[in-house]
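*Asks:* Now for the letters of each chain:
Number of protein chains: 2
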Amino acid sequence: MKIVCTKSELLKGVNITLRAVPVRTTMTILECILIDATELDIKLTANDMELGIETTIEGDIIEKGKIAIEAKFFADIIRKLPDSEITIETDSNFNASITCEKSVFNIPARDGEDFSYLPYIEKNNMITISQFDLKELIRQTIFSIGDNESNLIMTGELFEVTEDNLKVVSLDRYRVSIRNVKLNNIYNDIKVIVPGKTLNEISKIITGDAESMVDVYFSDNHILFEFDKTIVISRLIEGEFFKINQMLSKDYETKITINKRELLDCIDRATLFVKEGNKKPVIFDIEDGSVKINITSTVGKMNEEIDIEKEGSDIKIGFNPKFVIDALRVIDDETISMTFMNAKSPCTIRDKDNRYIYLILPVNY
Amino acid sequence: MKIVCTKSELLKGVNITLRAVPVRTTMTILECILIDATELDIKLTANDMELGIETTIEGDIIEKGKIAIEAKFFADIIRKLPDSEITIETDSNFNASITCEKSVFNIPARDGEDFSYLPYIEKNNMITISQFDLKELIRQTIFSIGDNESNLIMTGELFEVTEDNLKVVSLDRYRVSIRNVKLNNIYNDIKVIVPGKTLNEISKIITGDAESMVDVYFSDNHILFEFDKTIVISRLIEGEFFKINQMLSKDYETKITINKRELLDCIDRATLFVKEGNKKPVIFDIEDGSVKINITSTVGKMNEEIDIEKEGSDIKIGFNPKFVIDALRVIDDETISMTFMNAKSPCTIRDKDNRYIYLILPVNY
Chain A
81 MKIVCTKSEL LKGVNITLRA VPVRTTMTIL ECILIDATEL DIKLTANDME LGIETTIEGD
141 IIEKGKIAIE AKFFADIIRK LPDSEITIET DSNFNASITC EKSVFNIPAR DGEDFSYLPY
201 IEKNNMITIS QFDLKELIRQ TIFSIGDNES NLIMTGELFE VTEDNLKVVS LDRYRVSIRN
261 VKLNNIYNDI KVIVPGKTLN EISKIITGDA ESMVDVYFSD NHILFEFDKT IVISRLIEGE
321 FFKINQMLSK DYETKITINK RELLDCIDRA TLFVKEGNKK PVIFDIEDGS VKINITSTVG
381 KMNEEIDIEK EGSDIKIGFN PKFVIDALRV IDDETISMTF MNAKSPCTIR DKDNRYIYLI
441 LPVNY
Chain B
81 MKIVCTKSEL LKGVNITLRA VPVRTTMTIL ECILIDATEL DIKLTANDME LGIETTIEGD
141 IIEKGKIAIE AKFFADIIRK LPDSEITIET DSNFNASITC EKSVFNIPAR DGEDFSYLPY
201 IEKNNMITIS QFDLKELIRQ TIFSIGDNES NLIMTGELFE VTEDNLKVVS LDRYRVSIRN
261 VKLNNIYNDI KVIVPGKTLN EISKIITGDA ESMVDVYFSD NHILFEFDKT IVISRLIEGE
321 FFKINQMLSK DYETKITINK RELLDCIDRA TLFVKEGNKK PVIFDIEDGS VKINITSTVG
381 KMNEEIDIEK EGSDIKIGFN PKFVIDALRV IDDETISMTF MNAKSPCTIR DKDNRYIYLI
441 LPVNY
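Protein chains in written order, with my numbering: chain A, 81 to 445; chain B, 81 to 445.
These are computed hints drawn from the structure, not numbers from a lab. Where is the CB? At the ideal position from N, CA and C, for every residue including glycine. Check each hint, because a few of them may be wrong.
Calculated lysine-lysine pairs in the DSSO-like style (CA-CA distance at most 30 Å, straight line) [unchecked claim]:
| no. | chain 1 | residue 1 | chain 2 | residue 2 |
| --- | --- | --- | --- | --- |
| 1 | A | Lys160 | B | Lys123 |
| 2 | B | Lys424 | A | Lys182 |
| 3 | A | Lys87 | B | Lys424 |
Chain B is nowhere near these chain A residues, computed Cβ spacing over 10 Å in every case [stated by the list, open to error]:
| no. | residue |
| --- | --- |
| 4 | Pro162 |
| 5 | Leu232 |
| 6 | Asn383 |
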């Protein structure tokens with residue numbers, strides 16, 4: 081194989097595919113990037129068997145062929161090369177030489193035939209969404225997936241398409257995050273659970289541009305994202321997602337309207353008193369016109385007061401400050417509504433149009 | 081004690097004094113910042129018994145007094161407060177309340193009397209140097225101090241004043257870094273060894289502004305830096321510094337002139353082949369008109385060629401690439417000269433005016 085391409089094009093492709101290279105694995109071939117120049121295009125592929133990425137780069141194929149190169153080392157080399165043309169050439173013993181200006185690297189590589197290709201996916205069921213919307217949806221929900229592999233379904237997010245609505249839900253044992261976004265078309269109903277890791281990686285690859293679109297295809301066991309010159313394929317998580325509708329009642333005993341920035345900054349200060357092994361709740365004392373927020377630990381205490389508008393009864397309720405911060409950070413509204421039933425039931429942060437709903441379980445104080 | 085000051089002024093002062101707060105210590109009082117408002121000014125002090133910093137901040141003293149507050153926690157609180165006026169008030173039990181807008185923190189503190197004041201230094205022997213020159217001198221030499229406490233003198237830098245010349249020298253077992261800078265006046269001769277840690281901290285505090293000056297005072301056992309509204313006092317390292325003059329012969333067998341950026345980038349690429357536990361030298365093969373640079377390890381090899389001007393004989397010599405990179409990174413000249421005696425003797429990188437001299441020992445290849 082012999083190919084020629086620019087450093088910038090090669091580096092862009094390598095950085096994208098690196099996202100599917102596992103950090104640790106017993107199968108060393110998975111630590112490689114496949115450079116496939118057997119057809120008309122130069123394709124780079126990485127595949128950790130759960131998540132696979134293939135991207136096409138611009139360049140000239142002088143001699144057809146393919147090779148698998150240890151991904152991290154290859155990326156390090158490309159990064160440090162001058163911003164110029166790079167030639168990659170391999171011999172029959174799978175030694176690769178990488179030449180750029182007067183610099184020549186010789187490194188052992190592996191037969192491309194050893195590499196596992198990405199699974200083939202039927203492209204029947206699909207939606208189209210902007211890179212911006214997809215990236216935002218992930219950012220606004222990913223923080224509340226469970227990190228506990230003992231409950232595999234919690235480590236993923238529900239993607240549910242109903243007509244022209246995409247609903248994304250994540251939850252752990254203490255909170256639920258729900259986001260809804262309108263799609264440009266009416267689609268078939270879809271309901272799948274996408275691994276959190278896949279969503280993390282895809283959100284790092286897509287630009288977040290509102291004008292660029294992603295085609296998302298769904299099969300029984302896989303999801304495929306196609307955008308720019310890249311495809312990302314991931315297994316889905318099998319099983320049925322949690323039923324959350326009964327948690328979404330619009331009833332409440334107390335409703336407050338509060339400035340989001342003031343609340344976020346105040347609770348961020350309260351986290352100073354949360355130390356490992358000594359987790360104290362932040363306590364909301366809601367009265368007419370104001371909420372008193374306080375936290376007390378062995379190292380001291382903080383008191384603060386924020387103006388609010390209130391409907392319904394007074395309430396005193398405690399939270400893990402991190403959970404409140406996580407939700408507030410991904411809400412763009414300047415003013416938010418919070419509703420409460422009682423000191424044992426989750427608090428709900430929800431906008432009028434149901435674009436977002438965040439439920440947070442209180443803690444005892 | 082009761083004082084009022086702005087968040088920005090307090091935070092600036094806290095960040096400066098934090099540099100003298102030890103990370104780990106058995107004496108918990110050393111983890112504190114002393115707020116001293118017993119006189120006309122508000123002074124913040126930290127002192128780890130080797131290095132002490134005192135800085136004066138703007139503010140109003142409502143009630144005189146002093147208090148010692150756990151430094152890191154105090155800094156975290158100030159950082160998270162709104163950008164507004166802060167009031168600090170203490171009671172007779174050394175409880176401190178920190179109030180900013182509607183936020184009130186109550187934390188236990190300690191009697192300021194428990195705090196060790198900075199030593200008194202006679203201000204006889206001194207020089208004046210710009211913050212820019214001092215910061216540059218440190219940056220350009222600090223990388224080659226020894227980290228080995230078994231040789232305490234190597235963990236410091238020689239500061240030697242002769243008339244209007246300040247020479248700074250650092251060395252470890254493999255290299256020597258020397259910088260000379262002209263002072264604005266003729267001063268008494270001075271020769272002291274300043275701890276590397278002190279220099280690291282001072283270079284983080286000074287702005288590096290060419291117009292702002294630092295007064296540096298020397299006593300038998302201490303060095304004192306005075307600038308803006310801050311003083312930094314450090315113990316000196318006792319003993320006599322290494323005699324390096326015999327290493328500085330201007331004789332050579334080979335001299336090359338080379339583009340610094342090209343050489344630095346090339347050797348930076350070579351570091352890809354240096355792995356922990358498998359340290360390979362980068363080999364310079366110097367001939368008329370060019371130097372061939374190569375490195376070979378178990379994971380592959382790199383070859384590169386750079387144009388040079390050469391005087392004297394051909395030479396083949398190996399280096400630890402890190403040591404060459406460290407020196408090249410702090411040289412601003414576009415073109416540099418390197419001289420060599422033989423493959424066992426240090427290479428010298430030196431400019432015409434003796435502003436800098438870097439010696440690097442070769443390694444076997």
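*Asks:* State for each hint whether it applies.
*Replies:* Taking the hints in turn, this is what the structure says about them:
no.	hint	result
1	A:Lys160 / B:Lys123	violated, 48 Å
2	B:Lys424 / A:Lys182	holds, 28 Å
3	A:Lys87 / B:Lys424	violated, 38 Å
4	Pro162	violated, 7 Å
5	Leu232	holds, 36 Å
6	Asn383	violated, 5 Å
Violation of the numbered hints given earlier is confined to hints 1, 3, 4, 6; the remaining hints are satisfied by the structure.
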